[in-house]
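In the numbering used here, the protein residues as written are 385 to 632.
Worth double-checking, as some hints may not be accurate.
[What the hints assert, rightly or not] Straight-line C-alpha distance at most 16 Å; calculated EDC-like pairs for lysine to aspartate or glutamate:
| id | residue 1 | residue 2 |
| --- | --- | --- |
| 1 | Lys579 | Asp593 |
| 2 | Lys546 | Asp514 |
| 3 | Lys506 | Asp603 |
| 4 | Lys589 | Glu533 |
| 5 | Lys507 | Glu432 |
| 6 | Lys525 | Glu613 |
| 7 | Lys544 | Glu590 |
| 8 | Lys589 | Glu578 |
| 9 | Lys567 | Asp434 |
| 10 | Lys568 | Asp514 |
| 11 | Lys544 | Asp603 |
| 12 | Lys525 | Asp618 |
| 13 | Lys506 | Asp621 |
| 14 | Lys554 | Asp522 |
| 15 | Lys567 | Asp514 |
| 16 | Lys554 | Glu533 |
| 17 | Lys525 | Glu590 |
| 18 | Lys506 | Asp426 |
| 19 | Lys544 | Glu533 |
| 20 | Lys436 | Asp426 |
| 21 | Lys507 | Asp610 |
| 22 | Lys567 | Asp603 |
| 23 | Lys447 | Asp434 |
| 24 | Lys418 | Glu628 |
| 25 | Lys507 | Glu578 |
| 26 | Lys546 | Asp593 |
| 27 | Lys461 | Asp434 |
| 28 | Lys544 | Asp593 |
| 29 | Lys451 | Glu414 |
| 30 | Lys507 | Asp426 |
| 31 | Lys461 | Glu512 |
| 32 | Lys525 | Asp621 |
| 33 | Lys506 | Asp610 |
| 34 | Lys506 | Glu432 |
| 35 | Lys471 | Glu590 |
[What the hints assert, rightly or not] Listed next, with one range per pair, are the computed distances between beta-carbon atoms:
| id | residue 1 | residue 2 | range |
| --- | --- | --- | --- |
| 36 | Glu432 | Asp584 | 39 to 45 Å |
| 37 | Lys506 | Ile601 | 25 to 31 Å |
| 38 | Asp584 | Asp434 | 28 to 34 Å |
| 39 | Ser521 | Ile472 | 34 to 40 Å |
| 40 | Val429 | Lys451 | 19 to 25 Å |
Keep in mind that the hints were calculated from the coordinates and are not lab data.
Think of the CB as a built atom: it goes at the ideal place given N, C-alpha and C, for glycine as much as any other residue.
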Amino acid sequence: MVSYKAIILCAGVGERLRPLTYTRPKALTELDGKPLLAHFLDGLVYSEADIKSVYIVVGHLRKSFKKLIGSSYQGLKIRYLVNPLYKITGSAQSLYLAGALLQKNATIVADGDHYLHPDLFKKLMQSEYDNCTLVDSDLAKIAHPEHAELAYGYEGLLSKIKWLPPYPEKPIGRLTTVFKFSKKASSSLFTFLEKYLLEDGPAIKETIDPLNRVMRIHDVHYCLMDGLEAVELDFFDDYVRARELVFS
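All chains should be modelled from the sequences, with the hints used to inform the complete structure.
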């Protein structure tokens, strides 16, 4: 069984979810009496994958994480990496801080603002593919298409990720930003992150570009969600939908 290090990006301010994020980070938004991140960690445990350590990249209200999540969670060792520049950088910088992990391990790389049906974790981690992510093919369910990460590919193989406006070809669905990567693909991701962050000077940069570069040299597959739901908490109605899923 492959052993993984999980890297969860939770440094952002979450401006679109205000006022919820004035007093706690988006990843700690409460759903059914439990932080969003705790639901994510529950999913990792439920997947039965060999994940012993989770590294959480924090920034906004970072002390809240140790208070609410701590240094261990259901057998997972929890470690924290701090992005002190979280207000002026994006997710690419946060992931770069986990470079030592990416260079030496198979990894799970995820944004920390997702609520996923627990069975999606099993679908991802028990997939036969070394490099894999989750895609929701029901485009009609996208509440905020202008902020959606759209996945393009063919017959299970991902070719690129784009925000709107879409390419001429039809996307296969909306990407869920949770990836499983082999050791080789993880190392390549770090190499591309390093190059990308040095290009064009300082700026707010996200992980889409380095991820697309990884797809050029590694096969990255996708699993369709088959009716199971995932919600990225960007807006208040996303929060409402996530609560509905938790209580359903």
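*Does Lys589 pair with Glu533 here, judged by a C-alpha cut-off of 16 Å?*
OK: Lys589 and Glu533 at ~15 Å, within 16 Å.
*asked:* Need the status of pair Lys506, Glu432: alpha-carbon distance at most 16 Å?
replied: 7 Å, holds
*Are Lys507 and Glu432 close enough, with their CA atoms no more than 16 Å apart?*
The given pair, whose Cα atoms are some 11 Å apart, holds under the 16 Å limit.
_Taking 25 to 31 Å as the stated bounds, is the beta-carbon spacing between Lys506 and Ile601 within them?_
28 Å, holds
*Are Lys567 and Asp603 close enough, with their CA atoms no more than 16 Å apart?*
Holds, at roughly 13 Å.
*Assess, step by step, whether the Cα of Lys525 is no farther than 16 Å from the Cα of Glu613, and give holds or violated.*
10 Å, holds
*Holds or violated: Lys544 with Glu533, Cα cutoff 16 Å?*
10 Å, holds
_Hinted pair Lys579 and Asp593, Cα distance within 16 Å_ = 11 Å, holds
*Within 19 to 25 Å or not, the Cβ separation of Val429 and Lys451?*
21 Å, holds
*Quick one, are Lys546 and Asp514 close enough, alpha carbons at most 16 Å?*
Cα-Cα ~22 Å, so violated.
*Distance restraint between Lys436 and Asp426, which requires alpha-carbon spacing of 16 Å or less*: 13 Å, holds
*Given the proposed pairing of Lys506 with Asp603, does the C-alpha separation stay at or below 16 Å?*
Roughly 20 Å separates the two Cα atoms, so the pair is violated.
In this structure, the hints that do not hold are numbers 2, 3, 13, 17, 23, 25, 31, 38, in rising order.
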